[in-house]
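There are 2 protein chains.
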Amino acid sequence: MNVSFSSKLAALRLKKSSVLCVGLDPDPSKIPVHLLTDSTLSSAVVRFCTSIIEATETVAVAYKINFAFFEALGDSGMSALREVLQAIPETSLSIADAKRGDIGNSASFYAQSVYEDLGFDSITLSPYMGKDSITPFLSFANTCSFVLARTSNPGGADFQNMMVDGKPLYIHVASKVEQWARECQGEGGLVVGATDIESMVHLRTSFPKAPFLIPGVGSQGGSAKDVMDAAGSGPVLINSSRAIIYASSGPDFAKRASEVAHQTQQDLGS
Amino acid sequence: MNVSFSSKLAALRLKKSSVLCVGLDPDPSKIPVHLLTDSTLSSAVVRFCTSIIEATETVAVAYKINFAFFEALGDSGMSALREVLQAIPETSLSIADAKRGDIGNSASFYAQSVYEDLGFDSITLSPYMGKDSITPFLSFANTCSFVLARTSNPGGADFQNMMVDGKPLYIHVASKVEQWARECQGEGGLVVGATDIESMVHLRTSFPKAPFLIPGVGSQGGSAKDVMDAAGSGPVLINSSRAIIYASSGPDFAKRASEVAHQTQQDLGS
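Here the protein sequences come in this chain order: W and B. So the first sequence is residues 911 to 1180, counted in our numbering. So the second sequence is residues 911 to 1180, counted in our numbering.
Derived from the structure by calculation, the hints contain no laboratory data. Just so you know, nobody snuck in bad clues.
Identical copies look the same in the list; a pair holds intra-copy or inter-copy alike.
Taking lysine to any residue and the SDA-like style, the derived pairs with C-alpha atoms no more than 25 Å apart in a straight line are:
| # | residue 1 | residue 2 |
| --- | --- | --- |
| 1 | Lys940 | Glu1026 |
| 2 | Lys940 | Gly1014 |
| 3 | Lys940 | Asn1015 |
| 4 | Lys1086 | Asn1071 |
| 5 | Lys940 | Ser1018 |
| 6 | Lys925 | Ser1143 |
| 7 | Lys1077 | Asp1042 |
| 8 | Lys1077 | Ala1067 |
| 9 | Lys1086 | Asp1075 |
| 10 | Lys1135 | Glu1108 |
| 11 | Lys1086 | Met1072 |
| 12 | Lys940 | Gln1022 |
Please construct the entire structure, taking both the sequences and the accompanying hints into account.
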């Protein structure tokens, strides 16, 4: 379908009255114990993730698959990831949360892997290596590559808030991403953590039309209302992972995930 | 073996009179055509890489496996990577060139995957997300986590050279890595591109004992002598990938790789 990522996102936001992205971070020590009996860890992870997807798809505008947890599965990780990806319905967007950032040649291989072979709609990228680490991803039409700008983790402030010519580094990163995306067929988005609302306001004011992927609502502590007030005027995907997927560790995990996802949708509004 | 990465590196440098790291970047469009007949792409990649390892191990102090090229192989990529890793002899160090950089929880999974499950000696990391994205790797004893400081690609200058409080960003990154590593069991190293000798001198002067992983000699254009003059007084691994592994695309590829590796070793000195 020859439609831009932002257009799909806008249509889904309207259709589902939601900006919720459900993050799939399947930690073997946290997934319900009953799934782990009589199956391999990989198949338990697949069953866990597909159940979460089925239970939340009416409110999830997107799913973000965290590559770390699949790579930790070893040789069977990539096929498990592919199975989970295939379970995401056409009516939700898919995000490869891989935080890639490598030189042009390697970046092209990563981009091919994620956008062509796997067929994700979107990926997360790290900006430290600059333009030629980002543009191989931006060159894919109808995708959105979300570049880390201001992240929600405690170490996010270590470098991202450093002042360069009177502006924090994350603003310089966002400016470059906007500039590079203008020359490409795909869209450039920004990862903006929910734990620093001041930076989020600064970014939204400077980049009113950039798609924001916002982690850090829920377990990491950002408030839904503050986040929507700060960034909701533009395209947003607000990610919640652990608060939804680990809402229960019992046999009712999918039902509870659905309830928490619906509650989060209501808290967020759209 | 309970020996630090730096100690192993120093012993190997002495034993092999070499600081050469051979980079394994198996691009399907460049590996010898005769390997691609009657086998799958993954098995051809494994055969190519293991042949290169056998042909160069007397001069290669380390091998750097570029994850991008294995991920691009799809489902069989991880087992191919594991086979190549197992072909690296005890007398060479292994580096997972994965440029990871994610929040604490995900970082722990990546660290477990690379250091425990796969058993690499070392990894490359991206610093943008700060302390809690790096320390889960630094906590593994007898390993060295190389953090991107000043990279050799054209976009390396986009952010890394930005001035913060009178110093370039890459110096701030290096200072933080040194500080974080002091609190951990593993070592922190720096990725320093061979294409910017001035930055390399600045970094070596500031961090005389930090292990440097130096890509960009050979195809990317840095001169061997300049690099050794700038950084060779401390622990170094100087990586060459394409100039060695693609020295020939014919049936003599391994022999030619060996010749170029030996020539590179001689150019570098030790």
